[in-house]
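Novice: Now for the letters of each chain:
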Amino acid sequence: EPEVTQTPSHQVTQMGQEVILRCVPISNHLYFYWYRQILGQKVEFLVSFYNNEISEKSEIFDDQFSVERPDGSNFTLKIRSTKLEDSAMYFCASNGAYEQYFGPGTRLTVT
Amino acid sequence: EDQVTQSPEALRLQEGESSSLNCSYTVSGLRGLFWYRQDPGKGPEFLFTLYSAGEEKEKERLKATLTKKESFLHITAPKPEDSATYLCAVRRSDTGRRALTFGSGTRLQVQP
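Line order of the protein sequences matches chains A and B.
In this text, residue positions in the first sequence follow the working numbering: the first is 87, and each later residue adds one.
In this text, residue positions in the second sequence follow the working numbering: the first is 45, and each later residue adds one.
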């Protein structure tokens, strides 16, 4: 069964460093998303991406964040200068119709 | 602002003891209500989508129902492997909006 994959599973970085989280969405899906979940809190929407552009973003998704689809399979989230409060699980999701299918997540730890 | 409230926060059941989880929502035009299962340290796993009041969906021991204000996830004769956090999420009907708004989840523990 097709699934969303994410790498790395765990990323540790120092405050102020740039990180890139990678995702491979399900192959025939057209919509891609990033969500995050701070430990013990709700899953929060960050951004959606369709037809090579951002279609929707939340207040969390400020200038420190960017997304890209560099080729036909990968979808990336870049955090330009990480802060302690960026520590969270980051989930990629994709969908073709309505249901969004989530990847296993990348645990980002900022020290 | 869309709001999703789930109750109870945590639920402990004995194997075979049926129960229901609640998801109350406030959204300006519901496009869909989604149930997910999340195991510790993992991503949400899709279970059901409900689109309109009165709709019901079933999968094994789970049954989801929807009214105009809330959804229930009924668990019949649960097994220990049903232990997980169950998340409810809504999508608004605005054109171009696909973001899901999640509740905090119900943490279910089923004891053998």
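Check each hint, because a few of them may be wrong.
Below, a list of computed lysine-lysine pairs in the BS3-like style, where the Cα atoms sit at most 30 angstroms apart [as the list claims (entries may be wrong)]: (1) A/Lys143 <-> B/Lys112; (2) B/Lys86 <-> B/Lys113; (3) B/Lys113 <-> A/Lys143; (4) B/Lys86 <-> B/Lys101; (5) A/Lys143 <-> A/Lys128; (6) B/Lys103 <-> A/Lys164; (7) B/Lys101 <-> B/Lys123; (8) A/Lys143 <-> B/Lys86; (9) B/Lys103 <-> B/Lys113; (10) B/Lys112 <-> A/Lys169; (11) B/Lys107 <-> B/Lys86; (12) B/Lys86 <-> B/Lys123; (13) A/Lys143 <-> B/Lys123; (14) A/Lys169 <-> B/Lys123; (15) A/Lys128 <-> B/Lys113; (16) A/Lys169 <-> B/Lys107; (17) B/Lys86 <-> B/Lys103; (18) A/Lys128 <-> A/Lys164; (19) A/Lys169 <-> B/Lys101; (20) A/Lys128 <-> A/Lys169; (21) A/Lys128 <-> B/Lys101; (22) A/Lys164 <-> A/Lys143; (23) B/Lys103 <-> B/Lys123; (24) A/Lys143 <-> A/Lys169; (25) B/Lys101 <-> B/Lys113; (26) B/Lys112 <-> B/Lys101; (27) B/Lys107 <-> B/Lys123; (28) B/Lys113 <-> B/Lys123; (29) A/Lys164 <-> B/Lys107.
So, partial list: chain A residues that the calculated Cβ filter (under 8 angstroms) puts toward chain B [stated by the list, open to error]: (30) Tyr117; (31) Val129; (32) Phe131; (33) Ser134; (34) Ser141; (35) Ser144; (36) Glu145; (37) Phe147; (38) Arg166; (39) Ala174; (40) Phe177.
Since the hints were made in silico from the structure, they are not lab data.
Keep in mind it's a predicted model, so treat the numbers as computed, not measured.
Virtual Cβ for every residue (Gly too), placed ideally from N, Cα, C.
Novice: Output the indices of the hints that this structure fails to meet, ascending.
Specialist: Failing hints, ascending: 6, 10, 13, 14, 16, 19, 29, 36, 37, 38, 39.
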